[in-house]
Structure formats: C-alpha cells, structure tokens
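S.K.: Please model the complete structure; the sequences and the hints are all you need to start from.
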Amino acid sequence: MPDLGLNVIFKGRNFIRLLGGLGVALKISLIAVLISIPLGILLGAVMTWKNPITKAILRIYLEIIRIMPQMVLLFIVFFGTTRALGWNLSGEVSAVIVFTLWGTAEMSDLVRGALISIPRHQYESSEALGLSRSQTYLYIIIPQAVRRLIPLSINLITRMIKTTSLILMIGVVEVLKVAQQIIEANRMSSPNAAFGVYLAVFLMYFLACWPISLLARYLEKKWR
Amino acid sequence: MKKLTRLLALVLALALALCLTACGSAKKDSGVVYRTLDEIKKSGTINIGVFSDKNPFGYVDENGEYQGYDVYYAKRIGEDMGVKVNFVSTEAANRIEYLQTGKVDVILANFTVTAERAEEVDFCLPYMNVALGIVSPDSRIITSVDELTADDAVIVISGTTAETYFEANYPNIKLQKYDTYANAKNAMENGNGCCWANDNTEVIAFALQNPGYTVGIPSLGSQDTIAPAVSQGNTTLLDWINKEIEDLAVENFFHADYEATLVDTYGLDYEDSLVVEGGKVG
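For the protein sequence lines, the chains are U and E, in the order given. Numbered according to this note's numbering, the first sequence terminates at residue 224, and the numbering increases by one at each position without gaps. Numbered according to this note's numbering, the second sequence terminates at residue 282, and the numbering increases by one at each position without gaps.
Read the hints as simulated data drawn from the structure, not as lab findings. Hints are not guaranteed to be accurate.
Said to hold, decoys possible - Derived Cβ-Cβ restraints for the label pairs, each shown as a range:
hint	chain 1	residue 1	chain 2	residue 2	range
1	U	Ser134	E	Glu120	56 to 62 Å
2	U	Phe10	E	Gly233	44 to 50 Å
3	E	Ser139	U	Lys162	45 to 51 Å
4	E	Asp272	U	Phe195	47 to 53 Å
5	U	Trp223	E	Asp179	44 to 50 Å
6	E	Thr143	U	Ile16	34 to 40 Å
Claimed, not checked - Below, in silico cross-link-like pairs of lysine-lysine (DSSO-like), each with a Cα-Cα straight-line distance of 30 Å or less:
hint	chain 1	residue 1	chain 2	residue 2
7	U	Lys27	E	Lys84
8	U	Lys11	E	Lys84
9	U	Lys162	E	Lys54
10	E	Lys75	E	Lys42
What you are looking at is a predicted structure, and each value in this text was computed from that prediction instead of being measured. We put the beta carbon where it would ideally sit given N, CA and C, even for glycine.
M.R.: Quick look at the structure:
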C-alpha cells in the first residue's frame, strides 16, 4: 500500500485542527444561511410586486451579486471597505456579510420563481372560495411554494457551505487552509500527504452537507 | 418592459462609472492606511502577516503553533517592541493588499524584494538571500548551465521563478514542467530529467534529504533578497525595524534563527550564503 499520508492527519492536534477549521466554515455559512433565508423570502415576495421601482432596485441587486464572483465580493468587502470607508472588518465578519448578500440574492430569486410558478387559477379559486388575500397566501400559495423551494434552497445552502473554501483568501483559517497547512508542514517527510488530507477534507464536507440533503428529502416527502 | 430594461442598463452603467471613478480617486488621495509605531505600541499588539503553509519559513505545526524562520523573527520583533504578536495567515497573492489596507503592520512572509513590489510597499533591510539552484544525480552532476545538451530536460515546477528564468534566458533548453512539488520529486527520482531547477533553498533541502543527489549549481540567476515589508510611508515602523535588524547583528540573531529553524532542512553548509545579517548583503 503506498503511503497516502493518512498518518499525518492524526499527528499531534491535526485532526482537531481540521475539525476546528470545519467548524469555522460551518459557523460562517450557517449564520449567513440563517439570515439570508428569511430575508430572501421577504425580498422574493417583494419581487413579485408590480411596482417598477422596487422591481428595478431588486433586479440590480440580484444581477450585481450574481455576476460578481464570490472571490471579488470578498475582496471588495474585506479590503475595499477599508480603503474606501476606513472600516476595519475582520475576515469572519466580511465573509458573513458576503455570504449573506449572496444567499439573500439567490434565495429571493428562488422564492420569486416558486411564487410565480403557482398557477393563476390557484389565486382565482381561493378568491372564489371567499378567502382574503392574506388567507390565500397563508393557506394556498405559501405551502405550495415552500415545497417547490426545498430542493432549490438545499442546493443553495450546500453551495454556500462549500464556497467557504474561498475565505482563506481573506485570512480566515478554515478547513481547507488547515489542510494546506498540514500538507505543507509535512511536505518533506510525507510528500504524498496531500491525498490523505484532501480525502479527509472531502469526507468532512460530505458529512456536513449530507444531513442537510437527508433533511430535505424527509421534508419533501412529509409535505407532499 | 423594453423601457425598463433600457432604464436598468443606464442605471447600471452610471453605477459602474461612479464606482470606477470613486475607486480610482480613493486610491490616490486617501492612499494607504497604516498604524505608526506609537499606535502599535499603544494598542499592545502588532499584526504580522506570515505564511501558514510554507515550511520551514512560516508554517503551523501539528499543535497549531506558528513556526519557522520568519515566525522566529516575528516573535523577536514582538519581544523587543514590548507588544503581543498577532499572526495573520496571508497568501502570496494578497500580501500587498494586506499592507495597503493596514490589516497587518508588517509582512514577514518570505517576501522577495522586487522593483515592482517596492513601488507599492516599503521594504526594510533584508534578512535572507534567495536565488535559483540546480540539483542533479551524483552520476552526472551539472555544475554549469552550459553543460546541458539538447537531449537534457530540466525539471521545473510550473509558475515558479525557475520556469520564467529558463524561458527568458535559455529558450533552447527543454523544460519538463510539473504542477506540484510531489510530482516534480517523483520525476526526479524516476530519472525523467537530467536535473531539477528550483529556488536554491528548495534544491538544497532536496539534496540533503535524498542521498545520491548533489546541488551542482547552488546559485543561479539574479540574486534577490527577502526582507520585511511595511505599508508605504510608515517610516516610524520602517526605521524601527531597520535599526532592530542592525542591532541584532551584534548577537548574530539571524544565524541563531537559521540554526533554530532552517538547519534541519538546509544543513549548516549553506548558513552563510543564505543568511543576511545586519541587513548587509555579503
């Protein structure tokens, strides 16, 4: 069996450090998810309004966030705010801001899509049954929209978790950076450690994202 | 709808133009943000940007502690200034940005002095030499680039200075490019090339750890130095570090640093050629 550098993972506090790095990644992405889902739902509902001004503003916001690579957004928030405004944001705070902006934008578009996918006759039928506008949303539209949203938002959440691998560029030491540190610290003694360490990182991301997928599948079944 | 799209495009274009001019002007007049020596002392903590994955210059050991040649010196700066050191993990690509935004006070991340970089940051006195080197098997030791024939392939790692150096100065020499250190090492051990060109520190370390290989050319190409860098215009800190480097020569500090951190990797033979003491390049 070739040396895959698996021993390196358990040297000293390396494994704990990897877990700590995963913790940092999860903390940042989950805080961002918790803020951006309610905000995204709100904005998504606003996006379905006919008002041209709100429509234009939200459209610009969405397009800007969608077009910019996350790395650029991270640099703008982390370095750009210091240069232009003199704010000294920490790497973690900058990351949460960027991921929240991004998550909110994408979530709002998903919500908008789910809402307008509900056929017109659903609104009309509920009106015919004498339901008020808020009752229509509460009992007819939102339950259907939420069900359509689940697979899409799970996709977004796992993407947010995985994209935290970029925040090492603004000095946040997360799981991927710890992995690189371990690989490089043992570069001479076990040059193949990269395989073992990245395998461990893969498993960690998998174990972090898989339960979320399971939850989604469960919810989809339950709410069918 | 068409009207809306047109309006949108206009707003976007305006926003972009505004942003561009704003960024352009901000760079000019607000300039670089930094903390002076007194401000650092008053805060009680100095932020030093180091590599966290460049063994043996700046890396994190298995206990999560920063170690290495750069880190050893960084700790001494903290000690002599009487402040705590906060290590910031930097990448090769963002070192200058960190200084320009004052997110770190000093960069001690194996930062090679170049003319382009000196326009954006202020370099202090150097504390190490760096050049290219070539390692070859004992069966045929290459001691000069002229010995290479048309059949010889030189192993290089893509994106390193060795690659650029050979492409610029010896376009006729065949290069065998590998993406990672591990692949280049395997190629060398399999005899895929006649020799391996890399930073001299790298080839020295390789020869030392792999019997049967010798560094025939320990120093090739331009002689560069590695120095601490501070934000442009931060003269109080620059002067303090320069004086510190000069003062430390009395106790041969960087030799001690070498012996504490680099000797395992490079051996004692190269101590004097790699270390710069008191900022004076020998």
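S.K.: Checked against the structure, which of the hints given earlier come out wrong?
M.R.: 4, 6
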